[in-house]
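Chain order of the listed sequences is W and C. Residues 1 to 252 (the UniProt record's numbering) are what the first sequence spells out, left to right. Residues 1 to 252 (the UniProt record's numbering) are what the second sequence spells out, left to right.
It is worth saying that the hints were derived from the structure and are not from the lab. A hint or two may mislead.
Same chains, same label: a pair holds when it works inside one copy or across any pair of copies.
Said to hold, decoys possible - Computed list of lysine-lysine pairs in DSS-like fashion (alpha-carbon distance at most 30 Å, straight line):
(1) Lys183 with Lys64
(2) Lys93 with Lys183
(3) Lys238 with Lys93
Since the structure is predicted, the reported quantities are computational estimates derived from the model, not experimental observations.
There are 2 protein chains.
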Amino acid sequence: MAQVCDSQPAIVLVRPQLGENIGMAARAMLNFGLTDMRLVSPRDGWPNPSAGPAASGADVVLDKAAVFDRVEDAIADCHLVFATTMRGRDMPKPVMTPREAARRMRSALTDGQKPAILFGPERSGLTNDDVTLVDSVLSVPVNPDFGSLNLAQTVVVTAYEYAQSYDATPSVRPAHEDGLAPKEDLIGLMQHLEDELAARGFFRSEDRYGAQRRMLRNLLQSGSFSAQEVRTFRGIVKALTRPERGSENDRF
Amino acid sequence: MAQVCDSQPAIVLVRPQLGENIGMAARAMLNFGLTDMRLVSPRDGWPNPSAGPAASGADVVLDKAAVFDRVEDAIADCHLVFATTMRGRDMPKPVMTPREAARRMRSALTDGQKPAILFGPERSGLTNDDVTLVDSVLSVPVNPDFGSLNLAQTVVVTAYEYAQSYDATPSVRPAHEDGLAPKEDLIGLMQHLEDELAARGFFRSEDRYGAQRRMLRNLLQSGSFSAQEVRTFRGIVKALTRPERGSENDRF
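Required output: the full structure, derived from the provided sequences and hints.
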């Protein structure tokens, strides 16, 4: 694969609330060799003075943490993205254990793809809109009567399983010669399609807009499309929105 | 086989310093179904008012926590005991990963034996004297340049692996409740799309028609779409081929 990317998954903290938890997540990451931390709209800004002490020496992770306004931007260069949620959401996404997700991330890295894992805010977790942007849900199997891992604990389990999976050999070769589309391409397609559909009254009401839009995004997300396939999709949308030609025979 | 014991390992915190860490350890335990917490000489006495808030609802673990003066007393009824240490000690004991230790604990429980795991104080860890009392050392494989899991994080990994060693959770749950679309639906979509594209001059020439059509069909095939998703796709094609509405505001 031609693509060069650093060979580890990105840990993306989405709208984290407490600096202390960011620091503890950094500490958890570095214990298992992970250093690519990304922050989406940290509540109290960045840098945060509470993060350093909680990192207990994992400053290298905090120092190179990248900050983004939106999840879309944080995963733009990634190819295989997981959303950590405690419960399965009512979403058409495969739900995986940390072990299976780790296996798939290793496999993706071998193919030159960049994986990422999203972790939601402490109180509320990821929104359904966040989850529409990902390929799969990662769910830590917990006590059904007490599922309450905190942010850093969830990062610990996920990073630990990733480190454990080191010698996993990929058993499946990739479907796409030219590699999976980066999320940036896919999100561009989503926006293009939504604009054209909106202009044609596809969304039935303001009430249903959110749900219909999430459904569309999940639909496009589920395909594991290559960059070339995303370009093709955009060509299709462009073609479909052209006026029909006059003659039945004028097909070429 | 004669002995009756509750069927889970004991988590033994040896001389823990902060109540908050005892609470967070309880929370980690209950997430993975463990409730047998034992405390050896907690520095600030017991009960500790900082433990409850940090347990985030895992009060059942704190309420039944048993307190002992010495490690010897805390493990008196146990048969297979592990000591968690970050590094191998210079001791004639087998050193095991959390996964291997979990396997052996399951096996011991099957034979009516009670397992236990010792965790040392936050700052200094277990002493060599503590370690002499155990059968094996349990060591979480961490980054050789940054081994710094805190007490509760080490409990998380250990309890997680224990739960995994039994867990019947499938490693991947499927994305579609209603199952994959039958090929009939998919082929109907392909034909609908091809007709509409042909009517709009998408296929550039008779020569390239075959190749473009195959590419389109592979594209739709690669998504593993559900029947509902295929219906949605047909709705999209229908909407896109409608004329655009007059006003930008007329989106619904």
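Results of checking the hints against the structure:
no. : hint              : verdict
1   : Lys183 with Lys64 : within (22 Å within a copy, 49 Å between copies)
2   : Lys93 with Lys183 : both (16 Å within a copy, 21 Å between copies)
3   : Lys238 with Lys93 : both (28 Å within a copy, 25 Å between copies)
Going down the numbered hints, you'll see the structure goes against none, and every one checks out.
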